[in-house]
Amino acid sequence: MINTKVEICGVEFKNPVIAASGTFGFGREYAEYFPLSRLGGISSKGLTLNKKDGNKGTRIYETASGILNSIGLQNPGIEGFIKDELPFMEKQDTIILANVGGSTIDEYMVSVEKLNETNIDMIELNISCPNVKEGGMAFGIKSKIAYEVVSEVRNACTKPLIVKLSPNAENIVEMAESCTKAGADGLSLVNTFSGMAIDIYNRKPVFKNIIAGLSGPCIKPIALRMVYEVSRAVDIPIIGLGGIMNYKDAIEFIMAGAHCIQVGTGNFIKPDISIDIIEGIEQFMKEEGIESIEEIRGVI
Amino acid sequence: MINTKVEICGVEFKNPVIAASGTFGFGREYAEYFPLSRLGGISSKGLTLNKKDGNKGTRIYETASGILNSIGLQNPGIEGFIKDELPFMEKQDTIILANVGGSTIDEYMVSVEKLNETNIDMIELNISCPNVKEGGMAFGIKSKIAYEVVSEVRNACTKPLIVKLSPNAENIVEMAESCTKAGADGLSLVNTFSGMAIDIYNRKPVFKNIIAGLSGPCIKPIALRMVYEVSRAVDIPIIGLGGIMNYKDAIEFIMAGAHCIQVGTGNFIKPDISIDIIEGIEQFMKEEGIESIEEIRGVI
Amino acid sequence: MKQGYRKGIIHSNIQIATNIYEIKLSPCHPESDSISLTMEESGFQGKPGQFYMLRGWELDPLLPRPISICDISDGIITFLYEVRGRGTHIISKLKKGDTLELLGPLGNGFDLNIEDKIAIVSGGIGVAPLIYLMKGFKGDMDFYCGFRNEAYYLDEIREHVDNTHISTEDGSVGHRGFVTDLFLPKRYDMVLTCGPIPMMNRVVEMCKDKNVPVYVSMESRMACGIGTCLGCTIETTSGMKRVCKEGPVFSGEEVKFND
Amino acid sequence: MKQGYRKGIIHSNIQIATNIYEIKLSPCHPESDSISLTMEESGFQGKPGQFYMLRGWELDPLLPRPISICDISDGIITFLYEVRGRGTHIISKLKKGDTLELLGPLGNGFDLNIEDKIAIVSGGIGVAPLIYLMKGFKGDMDFYCGFRNEAYYLDEIREHVDNTHISTEDGSVGHRGFVTDLFLPKRYDMVLTCGPIPMMNRVVEMCKDKNVPVYVSMESRMACGIGTCLGCTIETTSGMKRVCKEGPVFSGEEVKFND
Ligand SMILES: Cc1cc2nc3c(=O)[nH]c(=O)nc-3n(C[C@H](O)[C@H](O)[C@H](O)COP(=O)(O)OP(=O)(O)OC[C@H]3O[C@@H](n4cnc5c(N)ncnc54)[C@H](O)[C@@H]3O)c2cc1C
Ligand SMILES: Cc1cc2nc3c(=O)[nH]c(=O)nc-3n(C[C@H](O)[C@H](O)[C@H](O)COP(=O)(O)OP(=O)(O)OC[C@H]3O[C@@H](n4cnc5c(N)ncnc54)[C@H](O)[C@@H]3O)c2cc1C
Ligand SMILES: Cc1cc2nc3c(=O)[nH]c(=O)nc-3n(C[C@H](O)[C@H](O)[C@H](O)COP(=O)(O)O)c2cc1C
Ligand SMILES: Cc1cc2nc3c(=O)[nH]c(=O)nc-3n(C[C@H](O)[C@H](O)[C@H](O)COP(=O)(O)O)c2cc1C
Ligand code: FES
Ligand code: FES
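Protein chains in written order, with this note's numbering: chain A, 1 to 300; chain B, 1001 to 1300; chain C, 2001 to 2259; chain D, 3001 to 3259.
Worth flagging that the hints you see were computed from the coordinates, not collected in a lab.
Just so it is clear, the structure is predicted and the values come from calculations on it, not from any experiment.
Accuracy of the hints is not assured; some may be wrong.
Claimed, not checked - Pairs of lysine to aspartate or glutamate residues, derived as EDC-like cross-links and limited to a Cα-Cα distance of at most 20 angstroms, are as follows:
| # | chain 1 | residue 1 | chain 2 | residue 2 |
| --- | --- | --- | --- | --- |
| 1 | B | 1270 | C | 2060 |
| 2 | A | 208 | B | 1229 |
| 3 | A | 248 | C | 2058 |
Unchecked claim - Calculated from the model, a selection of chain A residues having no Cβ within reach of chain C, i.e. all distances over 10 angstroms:
| # | residue |
| --- | --- |
| 4 | 22 |
| 5 | 210 |
| 6 | 272 |
| 7 | 279 |
Where is the CB? At the ideal position from N, CA and C, for every residue including glycine.
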């Protein structure tokens, strides 16, 4: 009997596969393709205190084995989420992570306090969005600043707190250690890499913001290395992501030390890609005689 | 009349296309496919003071739109280079960059002093190789350490000095500024990104060193962003590279602010890829009515 | 549950004008690539204005490409596409018997009232979804289509529509100039348009002036095609809307063109 | 100057055993994919033991794949390949008339003295380069070939060699067990082997014991195939050597197998 259950901070995931923030909306559209209850969990689109329209101009640009995005946290705001989206999510029998972004510590705090009152299972604090002007990623670059933000949010937050790290952090291991010291219950990494593209005929950057966020299979080797390094440095659970497209990628992240994994860009390539990954993990475990995920976590 | 000439630190390149270190050997093998005199320049395989055999185990591993390599600076040593390779290179009527690696400041100094006595045109100081245990990349992570290394080498070096930056630097802009202050005449970026891969059936990292260097089209959006940021921060010339596979990529780097560009992994995909790129740049300039590279450098 | 990507097998893939191709596919039998299904129940579905995401490759390019339904009959789907970049180039090289992956039908599509007198205004490859619309509409309809310098699919159009108005920029067929030179909005109950943004913008303005309802089919770069990436969003008078989900058909009045 | 990658057009690409394929190509006319060249001067070239880098795709996978020459006649090249991963899988799906890109011939190849009595020892797909060797060699030769559980190309081999010794691990053809159970080195002036590392290692040891010169054709992951990436390097008694340049054929004595 194989068992794909994973526990993080007292929350039990039926399997280690979570839909990544910003690539899965609030699940509604995917619910038309498969029962969301199959998933380990869903991380909501990044939420800000107030509704945001996001960025203008080109928002998605394809690169070699990746995409650059500059969505700019378009979202219905915390209250819109609680009113219009959460009731749907709650019915899906899967773990709900509310992904929270913001541009000031105060904004984070107020958002988190509102979410404390709901049935979400965890908060995933996004200190790393490259697509908003102030805050957002700035918090995710310097370990000291991250420490402050996380400490404050920790105090405000009654839910298990996952901090989502940016691969653009100056030193990913120090960053992880700072967030751990500041009270994070878990870490997820990585968010998108700062990248850019130029339209050579117009002689202009493709994106209005110039810099956008790179995701997809192209980033996998770097993301995997970061998960490996971080998992060796801290004792709290880690959710690994970055370019996971199939069960083999997922197993690599788990063997590098991740408790759970998230699937982001992959959802765009195939709406039911997570199901393939879940089934692939099960199949792999059977073939390799692995009874529980723990047996292979960090095994390398 | 279009003119593809570029000058960096008093050295004139007939065009902005340079073969990147470690992907072109010392030119011999490529000379069988096209006249090396077509190139703007060639950066030699990374040289260490003494001959090195490089790393054991798997050395190359394919990833999505990229390769991880763990060659480990296999090279004939500075004297081997001067005796056996340089005479060949000198005959090719192209600019020669000697790419110098090392694990101690002393080693760099002695290497550079030996190269001062030769006909090479420039030194490209590699403070960023992820594939050797001590030194190498360590120098390329922290701006302060880089400052020391570059200052010392600057004193020892009578040739124009290009410092090759690692994208793994904690802060690429600060790094560039430090190297500039320390006396670099130019900067080249980026070297490979630290990445890894896992063999899930053996439950082991693919590479003996665990971490290897990622290159190829997958890294282009990040490399381009770094070149853009650095070119805005410093006044010395910049050589841009990372995933350049065609003339469009090359033009993007030039528009982001690069004086010259280097082609690395691309050489493995098509031995004469640099010729395609040179001809593509000329064609683009004709079609767009651009007379000299300067017109579009940093134009965005 | 909706079906995810499924395989289609190519019946034909032919060039009909410079850079313009017509491809016909039927769904593959899930068990074997070589058996194609044409039965109604398993055939391709969708209404005019809806689109499919197409992949004729594995993971390079990474993203699928949105293409409008140009026709469906007996479960066989037809797309009309212009080779613009890598994706459409790869598709154009596929041969009879090759397969590709399709997700759809997606988007809202056009809604029509059979009693209306309508005008269809197309520019270039924007004609594709309007052909399907035209075939399904049995009411009174005029078709205005503009091309750059080569007209195509005219026979198909004339077969269904009495009143066709053609323009080419080089004058090789029909009026020399823009299709908007020919188009007069005042006579219609409703106008439907698809083509380059400047053209659609002009059509919308002309209709607004005459108080004629107009619907436009918008284009936008897409990643997911199903409403989750928010990459295809456009600004409208009622907020941000997703071309793939709330669109691609929008009321001309709500679209903010100047952006 | 050597030619860079050039296009080959596929004459046939057939499965000859489980996961084993044979593909035949002739060079394309530089101006048109549909004209194939078979004339001697423009045909594919190369000697036994040399290989080509093959790309049956654009940039995904990024790297080409090294495959040994299995035969060349009238400028038409034959490769025998096993589907192991993505690259060989993509190649196996190509059809007659499709094209792929080739770079070669590369590597050193075997050097033979026609007066010698030689033995060829192959394991699995390692038979590929040895077939070409066998065809070119007119002297006295014994062929030992081992397979896992399905033998292939036996007719071809028997046509050229009187003395063939076959083994399969499951005993379905010939001796049940390893080819090294059959092979006796003492009778030969020279032994040539290609196959899995453990097999080649064993053959080399057997030959060393009897002081028989032995040559092995090595495999290694390759990026460039022309000697510049240093990715394919192996350790030898005379230092690091590149499989693609100083190899793939090495004297059995110089290779350090235990690594
Ligand atoms: C709902 C919808 C329906 C469509 N229906 C059809 C159809 O029926 N027939 C047809 O030929 N085309 C149709 N298109 C357009 C088609 O999707 C694009 O031409 C195609 O994706 C281009 O892919 P490519 O790889 O060939 O070009 P790329 O290499 O991706 O791009 C080539 C050029 O086109 C530009 N471009 C690419 N995609 C878009 C976009 N979505 N919006 C604006 N510019 C873009 C790029 O900037 C580039 O300059 C439709 C688009 C949408 C959104
Ligand atoms: C000089 C030379 C000549 C060759 N001649 C032939 C030939 O004639 N016929 C033939 O079928 N094969 C030959 N090979 C082997 C062939 O190149 C590989 O099987 C092929 O590259 C695998 O590509 P893939 O994309 O199918 O598999 P991948 O997806 O790249 O790999 C599949 C599996 O094979 C392993 N693998 C891949 N490449 C190598 C390698 N080079 N060395 C060791 N393990 C590897 C991987 O680790 C993985 O487990 C030759 C190799 C060399 C170096
Ligand atoms: C279109 C898009 C939108 C995203 N929005 C968010 C977001 O709102 N909040 C967040 O934390 N991460 C966001 N991300 C980052 C992903 O959750 C994920 O960290 C990243 O894409 C790397 O994973 P992948 O390579 O599997 O996509 C977004 C990514 C994409 C592609
Ligand atoms: C196989 C290999 C070996 C390399 N060796 C060196 C080296 O010796 N010195 C160096 O400075 N860079 C070395 N590099 C880095 C390249 O010069 C280049 O910076 C990097 O690959 C990014 O460019 P690309 O994406 O065009 O390959 C090597 C890269 C590869 C792939
Ligand atoms: S394409 Fe993803 S939301 Fe429309
Ligand atoms: S494959 Fe590059 S040196 Fe041999």
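Structure-based check of all given hints:
1. The straight-line distance between the Cα atoms of residue 1270 of chain B and residue 2060 of chain C is roughly 18 angstroms, inside the 20 angstroms bound, and the hint therefore holds.
2. The suggested pairing of residue 208 of chain A with residue 1229 of chain B holds, with an alpha-carbon distance near 16 angstroms, which does not exceed 20 angstroms.
3. A threshold of 20 angstroms between alpha carbons decides the hint, and for residue 248 of chain A with residue 2058 of chain C the separation of about 17 angstroms falls inside it, so the pair holds.
4. The claim that residue 22 of chain A is not at the interface with chain C is violated, since a C-beta of that chain comes within 10 angstroms of its own (minimum 8 angstroms).
5. At the 10 angstroms boundary, the C-beta of residue 210 of chain A stays outside the reach of chain C, the nearest C-beta of that chain being 17 angstroms off.
6. For residue 272 of chain A, the non-interface assignment is contradicted: its Cβ lies about 5 angstroms from the closest Cβ of chain C, within the 10 angstroms cut-off.
7. The non-interface label for residue 279 of chain A is consistent with chain C: the shortest C-beta to C-beta separation is roughly 14 angstroms, beyond 10 angstroms.
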